[in-house]
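Work out the full structure, taking the sequences as your base and the hints as a guide.
Using full-length UniProt numbering, the letters of the sequence shown map in sequence onto residues 1 to 54.
None of these hints come from the bench; they were simulated from the model.
Any given hint could turn out to be false.
Here are the computed distance ranges between Cβ atoms for each label pair [stated by the list, open to error]:
1) K54 - S2: 28 to 34 Å
2) H6 - K39: 19 to 25 Å
3) I22 - Q51: 15 to 21 Å
4) K54 - E14: 26 to 32 Å
5) G41 - K20: 26 to 32 Å
6) A4 - K54: 31 to 37 Å
Each computed EDC-like pair below joins lysine to aspartate or glutamate, with the alpha-carbon atoms no more than 20 Å apart [as the list claims (entries may be wrong)]:
7) K8 - D48
8) K37 - E11
9) K38 - D48
10) K38 - E15
We treat Cβ as the ideally placed atom computed from N, Cα and C, and that holds for glycine.
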Amino acid sequence: MSAAEHEKLKEQLEELLKKKFIRPSVTPWGALVLLVKKKDGSVHLCIDYRQLNK
Numbered sequence: 001m002s003a004a005e006h007e008k009l010k011e012q013l014e015e016l017l018k019k020k021f022i023r024p025s026v027t028p029w030g031a032l033v034l035l036v037k038k039k040d041g042s043v044h045l046c047i048d049y050r051q052l053n054k
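So this is what it looks like as structure tokens:
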């Protein structure tokens, strides 16, 4: 992940924390996070839960 992508991810996570859609957690489990570019140039945060759901 590039530095620019990392910064955008950080901004999106901070916004989700502020809105209380997510909360901090400490766990040995995790899911892959992807940033998908939209047609307008912005990015969309996607989380791949397939491995956790096995």
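Here is what the structure says about each hint:
1. For K54 and S2, the Cβ-Cβ distance of about 30 Å falls inside the hinted range of 28 to 34 Å, so the restraint holds.
2. For the pair H6 and K39, the beta carbons lie near 22 Å from each other, so the given range of 19 to 25 Å is met.
3. In this structure the supplied range 15 to 21 Å holds for I22 paired with Q51, their Cβ-Cβ distance being about 19 Å.
4. The hint said 26 to 32 Å for the Cβ distance between K54 and E14, and at roughly 30 Å that hint holds.
5. G41 and K20 have their C-beta atoms about 28 Å apart, which keeps the hinted 26 to 32 Å range intact.
6. Checking the proposed 31 to 37 Å range against A4 and K54 shows it holds: the Cβ atoms sit about 32 Å from each other.
7. In summary, the hint linking K8 to D48 is supported, as the alpha carbons are separated by about 18 Å, within the 20 Å threshold.
8. A hinted pair counts as satisfied when its Cα atoms are at most 20 Å apart, and K37 with E11 qualifies at roughly 15 Å.
9. Restraint check: the Cα-Cα separation between K38 and D48 comes to about 17 Å, which is no more than 20 Å; the hinted pair holds.
10. Of the pairs offered as hints, the one joining K38 and E15 holds, with about 19 Å between alpha carbons and a cut-off of 20 Å not exceeded.
The earlier numbered hints are all upheld by this structure, with none contradicted.
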